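Residue numbers (the numbering used here), protein chains in the order written: chain A, 1 to 416; chain B, 1 to 225.
Treat the hints as calculated values from the structure; they're not laboratory data.
Remember, predicted model here, so these are calculated numbers, not experimental data.
Be careful, since some hints might not be right.
[As the list claims (entries may be wrong)] No more than 27 Å apart at the CA atoms, straight line, and that leaves these computed lysine-lysine pairs for DSSO-like:
| # | chain 1 | residue 1 | chain 2 | residue 2 |
| --- | --- | --- | --- | --- |
| 1 | A | Lys-228 | B | Lys-221 |
| 2 | A | Lys-282 | B | Lys-201 |
| 3 | A | Lys-196 | B | Lys-87 |
| 4 | B | Lys-202 | A | Lys-282 |
| 5 | B | Lys-2 | B | Lys-21 |
| 6 | A | Lys-282 | B | Lys-205 |
| 7 | B | Lys-213 | A | Lys-288 |
| 8 | A | Lys-162 | A | Lys-384 |
| 9 | B | Lys-2 | A | Lys-216 |
| 10 | B | Lys-92 | A | Lys-289 |
| 11 | A | Lys-224 | B | Lys-87 |
| 12 | B | Lys-21 | A | Lys-235 |
| 13 | A | Lys-224 | B | Lys-205 |
| 14 | A | Lys-227 | B | Lys-202 |
| 15 | A | Lys-227 | B | Lys-171 |
[To be verified] Listed next, the stretches of chain A that the computed footprint assigns to chain B, with coverage defined by at least 3 CB atoms under 8 Å from CB atoms of chain B:
| # | stretch |
| --- | --- |
| 16 | 32-44 |
| 17 | 160-166 |
| 18 | 198-210 |
Just so it is clear, CB atoms sit at the ideal spot from N, CA and C, and this is done for glycine as well.
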Amino acid sequence: MIAGAVLLYFTIRRIVYKQIDNSLITEMEIIQDQIVQTDTIPDFAVSFGHQIEVRLLNDPLSELKVINDTIVSDTITGENLPFRYLYYKGNTDQNKGYTIRILQTLSEKKELLEDISLFLFFLFLSLFLISILLNYLISRRLWNPFNVTVSNAEKFNIQSDKPIELPETNIKEFQQLNTVFNQMTRKMRNDYLNLKEYNENAAHEIQTPLAIIQSKLEILMQRKELKKESINLIKSINEATARLFKLNQGLLLISKIENLYFREEKEVSLKQIIGNSIIQYKEIMHLKKITVETEANDPAIVRMNQTLAEVLISNLISNAVRYNIDGGFIKCCINKGFLTITNSGTPLKTDPELLFRRFHKISENPQSVGLGLSIVKKIADTYKMIITYTCSGNIHELRLDYNLEMVPRSTVKSET
Amino acid sequence: MKLLIIEDDRSLCTAISDYLKMEGHICEIAQNYRQAINKAADNRYDCIILDIGLPDGNGLDIIRELKANKSTDGILILSARSSLDDKLTGLKIGADDYLTKPFHFAEMSARINSIYRRNNQLGLNVISFNEIKVNTSDNQAYVNDTMLNLTRKEYDLLVFFVTNRNRIITKESIVEHLWGDEVILTDSFDFVYTHVKNLRKKIVKAGGKNYIKCIYGFGYKFLDS
């Protein structure tokens with residue numbers, strides 16, 4: 001564009017100059033004619049902007065014709081002004097030399113030139129700016145569907161039922177993009193669902209062979225002629241089978257939760273469930289001489305699936321009983337928005353961070369399968385509850401923030 | 001008792017059949033819907049053990065069919081699905097009890113006996129073993145007419161022992177029988193031991209003999225030595 005402007009300037013300049021030069025030449029020719037024909041210098045009007053000087057000489061001169069720019073000082077103002085001049089040296093037919101000098105002012109022309117150039121420059125500049133602006137606006141609108149697609153792709157959650165939302169567009173390339181995204185996310189989701197279903201089916205299918213193993217073992221056990229060695233072997237198999245069974249149950253439960261089996265929800269009172277759970281474990285607590293205390297400051301109503309609520313609480317209470325010492329205590333504190341279960345017990349030997357991980361076992365007891373707390377966490381996560389574990393010496397505390405909106409700000413702990 | 005076992009898995013089917021035969025029952029088997037319907041239509045059974053996950057038809061339909069024909073056979077449902085819906089439906093349409101796979105055979109035995117007792121009572125329902133009598137109508141146990149003061153768990157344990165007499169009962173099956181699904185405790189064997197100890201003490205104190213034998217490695221056996 002700049003090159004164009006420059007070119008334009010010089011073109012206009014050339015045109016203007018050509019015009020001046022032509023008039024200089026025409027004047028020269030008129031004067032020439034008169035000299036050659038009459039041997040006299042014509043009369044002409046002279047102004048400052050237009051000077052003519054003609055001289056007749058006696059001797060011949062060598063021919064010369066020059067047209068060029070020059071600067072003339074204005075004697076009055078002292079300014080230096082631009083002029084264009086023509087200087088001619090020639091001879092008459094009688095070989096008498098003569099010179100012609102014509103000066104033409106360029107000021108006006110120059111001003112004209114400058115004005116035109118400036119105008120054109122600004123014209124171009126504004127065209128340029130406008131085109132940039134238009135470009136920006138158009139491109140923004142153009143790329144909008146793309147940006148929306150990208151942002152929605154970022155938000156896509158494979159675990160949610162919602163398909164990816166892609167904007168309608170009549171731009172072919174973006175339509176292609178959207179199609180691909182749709183297909184890809186649909187396939188991802190299907191694969192994920194299939195995997196979950198597979199997990200559940202696998203766990204499910206395991207139950208029948210397990211039942212068979214257990215049944216054969218029971219029959220084997222009844223044999224009268226068993227030797228001690230055989231008994232030990234059967235015992236080991238039995239124990240391993242029992243563990244396998246529990247493991248499978250746990251996995252089945254987790255995969256059922258993921259597959260939304262426990263979708264049905266209603267208002268359940270955690271206080272009531274804790275109460276029931278304690279009654280169920282009462283006998284065992286009695287045998288272990290564990291004292292239980294419940295402080296209920298709130299009915300702790302949550303909207304969730306009844307079965308899952310019972311499993312959650314049952315697991316927590318079960319842990320509080322199992323890892324307790326003889327003559328120990330359990331204290332349940334139910335408040336608005338959160339509840340805590342504190343119990344005495346043996347000091348924890350493992351990293352609290354890993355506590356809720358699947359298969360992480362707290363005790364070395366081979367019977368323990370390590371799924372209890374991860375089931376708790378899974379249920380907590382499903383209902384956006386936060387479960388935290390703290391330990392000071394021999395006192396263990398599990399805190400469940402079951403309704404974050406209700407918890408007083410100062411007591412909220414961050415999730416582990 | 002005459003029993004019908006409807007189970008599509010051959011291994012499991014024979015296992016159940018063998019176990020129950022060992023207990024002295026007569027067992028017939030059916031391995032699909034068709035066979036099941038035919039057998040049930042032609043014969044009367046004291047109890048039908050039915051797996052509702054049959055390949056060629058829903059087992060629940062068998063129950064409906066039986067009830068439509070006014071059958072009074074006892075029905076025990078077996079299922080790999082621990083689905084609450086199935087369970088409730090099954091019980092609602094007329095099944096007597098429900099067991100989830102895998103289960104302990106002693107448990108299955110106890111439930112079959114329980115169903116039998118319920119269906120065949122025309123008055124008092126008493127299980128007896130020598131001097132021990134258990135009255136299941138009022139949930140009381142007696143040794144030579146002396147009433148035993150048993151806790152709920154101890155009573156359940158006694159019934160379990162008596163119905164599974166002369167069989168080895170594993171600790172695991174006792175745990176499952178006493179606490180079922182409600183309570184998740186993997187190391188509850190101590191509790192079993194305590195209950196057994198208390199039960200034994202109470203029986204002996206009332207003048208009964210100790211029939212509860214501890215079987216090394218497995219559990220217990222209730223028998224007259």
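Here's how the hints hold up against the structure:
The hinted pair formed by A/Lys-228 and B/Lys-221 meets the criterion: a straight-line CA distance of about 17 Å does not exceed 27 Å. Between A/Lys-282 and B/Lys-201 the alpha-carbon distance is near 22 Å, which keeps this suggested pair within the 27 Å criterion. With a CA separation close to 24 Å, the supplied pair A/Lys-196 and B/Lys-87 stays within the 27 Å bound. A hinted pair counts as satisfied when its Cα atoms are at most 27 Å apart, and B/Lys-202 with A/Lys-282 qualifies at roughly 21 Å.
Distance hint between B/Lys-2 and B/Lys-21 is fulfilled; the C-alpha atoms sit about 10 Å from each other, no more than 27 Å. Between A/Lys-282 and B/Lys-205 the alpha-carbon distance is near 26 Å, which keeps this suggested pair within the 27 Å criterion. With a C-alpha separation of about 25 Å, the suggested pairing of B/Lys-213 with A/Lys-288 holds against the 27 Å cut-off. Under the criterion of a C-alpha separation no larger than 27 Å, the hint pairing A/Lys-162 with A/Lys-384 is consistent with the structure, at around 19 Å.
Between B/Lys-2 and A/Lys-216, the direct Cα distance comes to roughly 22 Å. Compliance with the 27 Å bound is thereby established for this hinted pair. For the suggested pair B/Lys-92 and A/Lys-289, the alpha carbons sit about 41 Å apart, so the restraint of at most 27 Å is broken. In summary, the hint linking A/Lys-224 to B/Lys-87 is not supported, as the alpha carbons are separated by about 37 Å, beyond the 27 Å threshold. For a cut-off of 27 Å, the pair hint linking B/Lys-21 to A/Lys-235 stands: about 24 Å separates their Cα positions.
Annotation: proposed proximity of A/Lys-224 to B/Lys-205 is violated, straight-line Cα distance about 31 Å (limit 27 Å). Annotation: proposed proximity of A/Lys-227 to B/Lys-202 is violated, straight-line Cα distance about 33 Å (limit 27 Å). About 20 Å separates the Cα atoms of A/Lys-227 and B/Lys-171, which keeps this hinted pair within 27 Å; it holds. Using a Cβ-Cβ cut-off of 8 Å, 0 residues of the stretch 32-44 of chain A lie near chain B, which falls short of the minimum of three, so the contact claim is violated.
Look at the stretch 160-166 of chain A against chain B: 0 of its residues bring a Cβ nearer than 8 Å to a Cβ of that chain, fewer than three, so the hint is violated. A count of 4 residues in the stretch 198-210 of chain A with a Cβ less than 8 Å from any Cβ of chain B is obtained; the coverage claim is therefore met, three being the minimum.
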